[in-house]
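Once you've looked at the hints, go ahead and assemble the two chains, each given alone in its own frame, into the complex.
Quick mapping for you: the protein sequence lines, in order, are chains L and R.
Under our numbering, the first residue of the first sequence is numbered 1112, with each subsequent residue one higher.
Under our numbering, the first residue of the second sequence is numbered 382, with each subsequent residue one higher.
Mixed in with the good hints, there may be bad ones.
[Unchecked claim] Okay, the calculated bits of chain R under chain L, using three or more residues with CB under 8 Å as the criterion: (1) 676 to 686; (2) 698 to 710; (3) 922 to 935.
[Said to hold, decoys possible] Cβ pair distances, simulated, as ranges: (4) R:F930 with L:T1439: 30 to 40 Å; (5) R:F930 with L:G1179: 36 to 46 Å; (6) L:F1180 with R:E601: 34 to 44 Å; (7) R:R603 with L:G1179: 43 to 53 Å; (8) R:G417 with L:I1482: 43 to 53 Å; (9) R:S872 with L:D1288: 55 to 65 Å; (10) L:D1444 with R:K384: 34 to 44 Å; (11) L:Q1213 with R:F871: 51 to 61 Å; (12) R:K384 with L:D1442: 39 to 49 Å; (13) R:K631 with L:I1482: 23 to 33 Å; (14) L:G1179 with R:K932: 55 to 65 Å; (15) R:E583 with L:P1559: 37 to 47 Å; (16) L:Q1158 with R:E601: 29 to 39 Å; (17) L:D1444 with R:K631: 37 to 47 Å.
[Stated by the list, open to error] With a straight-line Cα cutoff of 30 Å, these simulated DSS-like cross-link-like pairs (lysine-lysine) come out: (18) L:K1458 with R:K399; (19) L:K1458 with R:K426; (20) L:K1558 with L:K1580; (21) L:K1494 with L:K1207; (22) L:K1329 with L:K1580; (23) L:K1329 with R:K426; (24) L:K1177 with L:K1329; (25) R:K835 with R:K894; (26) R:K932 with L:K1458; (27) R:K562 with L:K1458; (28) L:K1277 with L:K1177; (29) L:K1177 with L:K1580; (30) R:K606 with R:K835; (31) L:K1207 with R:K384.
Don't read these hints as lab results, they were simulated from the structure.
Just so it is clear, the structure is predicted and the values come from calculations on it, not from any experiment.
Beta carbons are placed, not taken as given, at the ideal position from N, Cα and C, and that holds for glycine.
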Amino acid sequence: MANDVSYDTLIPNNVDLSSDRRLRRALETWQPKFLNWWRESGPTDFQQAEVYLRTAVGVERGAWAKFGFVRMPEYRWGVLLAPQEEGRTIPFGEHKGEPAWQEIPGEYRALIQRLIVIQGDTEPASVEQQRFLGHTAPSLYDMRNVFQVNVEEGRHLWAMAYLLHKYFGRDGREEADMLLERTSGDADRPRILGAFNEATPDWLSFFLFTSFTDRDGKMQLESLAQSGFDPLSRTCRFMLTEEGHHMFVGKSGVERIIDRTSVVMHEHGITDPGDVGRLHELRVIDLPLLQRKMNFHFSVTLDLFGSEISTNAANLFNAGIKGRFHETDIDDDHQLRDDTYPVLTFKDGRFVTEAMSAITAINARLLDDYIVDCQKVVAAWNKVIKSHGIDFELVLPHRAFNRRQGMFADMYVSPGGAVLNEATWLAEHDSFLGSSEDSTYVLSLMKPVDQVGEYADWISPPKSGVGGKPGEFEYVRIPS
Amino acid sequence: MNKRIDFATHPDRYRHWKLEISPPIARLILDVDEAGGMFEGYELKLNTYDIGVDIELADAVQRLRFEHPEVKAVMITSAKPNTFCAGANIRMLAGATHVHKVNFCKFTNETRNAIEDATEHSRQSYVAAINGTAAGGGYELALAAHKILIVDDGYAAVSLPEVPLLAVLPGTGGLTRVVDKRKVRRDIADHFCTLEEGMRGERAVRARLVDEAIPRSAFEARCEKLVRELAASSDRPDASTSVVLSQLDKTIEADSIEYSFVSVRLNREGQHATLEVRGPTTNVPRDASAAEQQGAQFWPLAMMRELDDAVLELRFNEPELGTIFLKTCGAADRVAAYDNFLEARAEHWFVREVNLHTRRVLKRLDLTSRSMFALIEPGSCFAGILAEIAFAADRSFMLEGQFEDRDDNAPIATLCLTPGNFGRYPTVNGLTRLEIRFLGEPETLQTARTLIGKALAAEAAADAGLVTTVLDDIDWKDELRLLTEARVGFSPDALTGMEANLRFPGPETMESKIFARLTAWQNWIFQRPNAVGPNGALTLYGTGRRPEFDKTRV
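With the rest of the complex left out, here is chain R (with noise of 0.2 Å):
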């Protein structure tokens, strides 16, 4: 699997999915084509999906809340007879590497959390119509959804048979959903998760794993009935306005990917990348509906479309580039222009989806499994929204006064916090970065607030604990050499567990355990011989033999 992997698609485009508009609400209609697997050596039978599944479903996902603000309400269904989706496709797991199963399944984690941001923040809500068996991840994606449907014709299940079928566990958040989310009772989830044929129609809404069961001549006006319900309950615009999420501007050479104000250089040999964006070239708009017009060419959307592919391209087809160096480079004052504006026109529902965007980008950079250093220098512009950029690094270096060998007039490097710093894009546990940040020292967090709107330089920033380390230009160079070797030296592994456990400190919540758990637990459990060695469930999976297991209990 060393396929370059290809996150743009398009619904003209897509193989598995059918997208159904008809305002206020909208299908999603899962009807896999199984000969149009990603890779070789797996035909995606029975609805089960992979990456280029769930990449046209994540696409969908984004289209839907900026495409159609009209839209208000989405149904997920199955095209398929008695099938709604059979979950992540076996063979394709037990053929891929590790690395890329984790990488797919953090993915289809990011795209079933986007479901649910966009049901809690978009008010777009997902309804999950069951109309056959949903096993595995294929449960997962409804549980996402913030109503399940299921058909009650004594035949469609939900199931989750990971742990009795192949040793490892569901890897899209299913246990930590059915016990938080759907607050089944633990004891009948363990049931519920032993259970390789899973729970149907009246047994399983008891167990709360699904709302309705509903026989199979209602359900389709039932299942209607109910997006139409919570369409109602929308707050979207009725107004057909659409912002149409264009294809990237993308020129990917050997060792660079270029985007319009992302730019990302691949050192393969030093076995580190340096991704740099860049700050708006125009002028904030006047008001909201300028920035509507201006659409996917609006500075903070397009940036943010950029930096969420960068990061993509980064975790599946750069794995063995292992720290990442973080820049900016353009003009302060317009990127904190851009900032108050996202802040004083939140309530417009273009500006919205933009702000709730660069929330779910600036967490996906958060959980990337790769070493992150900001590095402010002159001509930066860590300002608001990019100043999350250098919060979300592991370390941030920051240089005071000038690169003495330029003779370029960039101004000094400076950190401008705005009130977007404090609360508009908090990281999976809740918390915002600078919470996380100060967890214990509140009073820095209140100083902090002090220092809005001011053009922080390099000593102030370090006073305010908001930078790591503040070098001049005679100790740059070397300090972030040595820094780089040291790093690149250490075990990737442990790094990935380090990072984690510190990017993330304070309280948990649903989304912050779901990928806790896929690091921790799925991911050690895939990597054990009871699923991956040569007598492991995964291995043998399809081969009819039975799995040996090693009995002792870690």
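One chain only, chain L, in its complex shape (with noise of 0.2 Å):
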């Protein structure tokens, strides 16, 4: 199997697309309603612009990415699988041991096409939610991040529509379709998942996007990479690698912003993190106003991992399709037929930890799972402003603050745990969530700020450069 990228088609790929003319066929007919798409729904007004964006030539871990100039219309997506591992087999459920498959099993098609459906949604759909980010970048190289952001998720959306074209037939191509023709906050079509429906109106948002939600993408990512569907297992193992990337744009920007507000607060003797009056008056975010917005990031996207008991994951899991966060780490038989899991449930009049079939608990594992890498997220931020001797700590918010799904969906919580009532929710709703004039207020520090070398007011530089260039580097060139 070539792990270099084959250009002898209109579409890079390492799947040897040339001699698969039926598939090159379908690629190529939905090649142009992608490009359509991108024009529509990517980025405004940026199409012309050079943009120092890597491209993926290759699949060998830590040398695949090529850095360069490009006008994004005419960057390479393209079909790139991790290399096939000789030998593979199915790593979990009831068929574990027997020789992972190549072909799509007849009887799971559906719930594999669902899943991957669903995983293709949001891929364009941030796109969508971040297309008007461009004009108020803080900065060139924030700006260019965006932009690799988008460009990566336009080729995840391409790893899923090639396994839809191969391994679906006339269903797959029509769902393929169809990813390009639903649209985030769309009326009539809305992408499938609601926090996949919600604006990503400015900068501050866009990082925290990118810090929890893409993180959910990496954890949905790690599950299916253990698939016993091999081709998918293999898709997902590299988009890994650049999912990578997205989280560390998110966490830095997180950071970067902290360590303004610090830098600011610490030059003007402000001590008290609350000081909003001053602190706007200075143009920086304050940290309350961070903690209410992550409450917000945080809560919807755990929502996103479905119910905590879930039959659907369960199946999921039996049939081996998608398994666990690093499932062939866990020591265990990876069958799970009779074993159990804690899961955090209300009963009574209190939360309380009870041991529940671990097969249906799948995805009350894989959010303990994320949760555990959020925290060592907000453990990094923390580190920040303690090091600038502010007296602040930001807290993740309890699991069934906010929830639209799973076991907490009808029950109103407060950050910290406490179990209200309506009314009492309703009052301190926007000191949970952020309120309207947070917005107004994060909104109106969105200048663009496009000056080689150059950052807003509100955000550090970053420590390094990306691909080689420092931050003080010309990464996109917009024609005048």
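This is how it looks when you write it as structure tokens:
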């Protein structure tokens, strides 16, 4: 199996597209639709800009990306799978130990197709959500980052479209078209999952989205990377290498905001992080506001995991299609016939941990793994706050807070985990999740900065640049 | 699931449906309370339903007809985002006894039929506004509507995933309606019914699974417009007269259920029940509006509502009483007078509703899987509407003369035909009970017409072929005892199958097919190890484990 990307067709790939005429025709039919979608729903007004982007040229770890200036519509989106492992077996579920499937097993066709459609639907959604951000980028460096994220989400869409075209026949082609027809926030054809129809109106939202919601993407991809359906596993493994960068953009973006706020507080002798009057006069983002926005992004992302106790997740696990986070590192039989897993539930007026059938608690477990991952991120942010000697700590809200899905969906729970009545919840809503004033203020900060090496007042420059370039570099050449 | 099921409810108490009336239309909005299941052990997620949800629906459909003559079209939709209805709750089904599953399916079918009946005969048309996924029973609910509209958002789909997901069949007439009512081409239907994810948008329209697919932003307006158009073509009155269906007067004791005009006596030791219907105590109202004034107290309506409830009580709450004796008591001439009134005033909206209601209740009786014997005794009033009860029975027994040991001066047993017996109450296969009875003797049917209005004593009734057996006082008791003991000794399954086969000779209709397929195929599949064995699909549903099938084709 060739690991280098072949450019002998219109579509860069390492799946030997040139010898699969049927698939090549299908994807070449789909490509103009994709480009049309990109023009209509991708970043506005920057299609002619030359952007310093990395493009995948191979799939070997550490040596797969090449940096260079590209106009986004000319980006070489393609089909890239991680190298095939010889003799790979299905790592979990009732088919554990059998050779991994190279073709779709008929009995699981519907199950796998639905999974790919839901995953695939999120990829273009975030591009749509972020399409206006170029206009308010706090620097060329950040502008380049959002475009990088966008083109790679576009490539992830390609990856899912490839699977649909290659393995699911006519239905798959129709679904691949539908991925382009649904649009984030659209009144007629919205995206499938709620969080992907929320607006990303400003850069704070963007950084929090890439920190938290793309991290859900990572968890999902990690679980799918375990799949017994080998092409899905290989696709997701390669997507993960790109997803890492997206989360880095988010995590470091928030870090830079915190740093800037802390520096300004220090310079002006402000010790109260809630001194909104002075901090807003100084045009930085106060930490309590950051906490409120974080509460929002974290909680809506938890909903993406689906019900904690899920039949569907159990079916997917048993069938060997979607595993657990780091499945092969877990020390058990990977079949979970009689195992239990501790799940947080609400019973008789309080939160208790209950042992539940592990196989139906797959989502609950993934949620736990996700929260552990998020805690590490928040700890890193708190380290920055502490390093400036500021007395404030960001805290992840309780998992039952602001939920619309799963077992806590009908409850009113504070970020701290206190069960409230509806009236109290409504009264506290803005202090939990941010007010319209918060949004207005953040929006007022969103003024584009497009001079080389300059950064907006509310965010610090990055520690280093990207692709071997310094922070002071013309990452985006905007035609005048 | 041994809990007693009560069929009485009221919109004020609905947990799962919202009924919004804005004449000339109404909206029935499904918003299932997850925690509101009738039994323990399952949550009604994704607008799934159990018997409790369907009891509310049946109640709403019934009330819309009587309490809202001004409502001429009804829209069924969902309050849940992206979900119309995901059908019967699978965990409920997996945990239910077979008896409950069968009763549940039969009841939900009767409710769907009532929706179609309202559209066709009450001119209160139903439109299903599918604003999210309609899976299994959810799509079957929509199939009962006259028109089906689906939101075309690239996501909402209709599906019947029972075969691929659960190894059973859609239990509420889905397969039959797809090909018989929607006339979906059978090969396309075959594809559709094996497609877990179903079909959506224009593809569903092309297959005739739905009538229209409409973009989200235009969906509500289009549904509203269609419902109003249908309302405009209705002949229901504008006047806001309303007949309130008051709560039934009902007393449940250990071995009896008493209503105003119906009594049920339960003989658990003997494994049989006696259901007695009493004739009217007042004279026929002056005219239709006087009947309307009486409303739910109008004898035919009051009596039939009670009979309906009694039949449901026996079906759901007394599953071991396999034989039912059907009796009547009252003045036959007065019953006949009511019957003639129902015939003469049939055009009036309220009388029309009463007649249609009677028809549904009698069908419910026909479809009850118990051995039914009519006992026509002195003092009984098997005339017209009540004679239908005798014709619904598997066999009838009529006393010749008097009971020697009774001196209550009851008039001798008679049977009286009215015009109503010749067309007003067709059964599920479209024939009247007399047409079914005389399927092979059209001349006997002709003769019967000449007997309209005559009080037929035992011999005459037997000569006319209207009763099975005539007995005199000497034999009555023993014959009935032997009959009962023999019947109770037979296999209940064999009896159910035998009776269902014999009750509906003649042509099939969509309705009769639905019940026949339910009784035969669905109930069989529901019992098979492939569905309910330790490794069956229903048993393993929700465990994540894959079912194992016995691959032998039967």
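Evaluated hints:
no.	hint	verdict
1	676 to 686	violated (count 0)
2	698 to 710	violated (count 0)
3	922 to 935	holds (count 6)
4	R:F930 with L:T1439: 30 to 40 Å	31 Å, holds
5	R:F930 with L:G1179: 36 to 46 Å	56 Å, violated
6	L:F1180 with R:E601: 34 to 44 Å	49 Å, violated
7	R:R603 with L:G1179: 43 to 53 Å	51 Å, holds
8	R:G417 with L:I1482: 43 to 53 Å	31 Å, violated
9	R:S872 with L:D1288: 55 to 65 Å	56 Å, holds
10	L:D1444 with R:K384: 34 to 44 Å	39 Å, holds
11	L:Q1213 with R:F871: 51 to 61 Å	58 Å, holds
12	R:K384 with L:D1442: 39 to 49 Å	45 Å, holds
13	R:K631 with L:I1482: 23 to 33 Å	54 Å, violated
14	L:G1179 with R:K932: 55 to 65 Å	58 Å, holds
15	R:E583 with L:P1559: 37 to 47 Å	43 Å, holds
16	L:Q1158 with R:E601: 29 to 39 Å	36 Å, holds
17	L:D1444 with R:K631: 37 to 47 Å	56 Å, violated
18	L:K1458 with R:K399	29 Å, holds
19	L:K1458 with R:K426	19 Å, holds
20	L:K1558 with L:K1580	24 Å, holds
21	L:K1494 with L:K1207	43 Å, violated
22	L:K1329 with L:K1580	27 Å, holds
23	L:K1329 with R:K426	28 Å, holds
24	L:K1177 with L:K1329	23 Å, holds
25	R:K835 with R:K894	36 Å, violated
26	R:K932 with L:K1458	44 Å, violated
27	R:K562 with L:K1458	47 Å, violated
28	L:K1277 with L:K1177	27 Å, holds
29	L:K1177 with L:K1580	13 Å, holds
30	R:K606 with R:K835	52 Å, violated
31	L:K1207 with R:K384	43 Å, violated
Hints 1, 2, 5, 6, 8, 13, 17, 21, 25, 26, 27, 30 and 31 from the earlier list are contradicted by this structure; the remaining hints agree with it.
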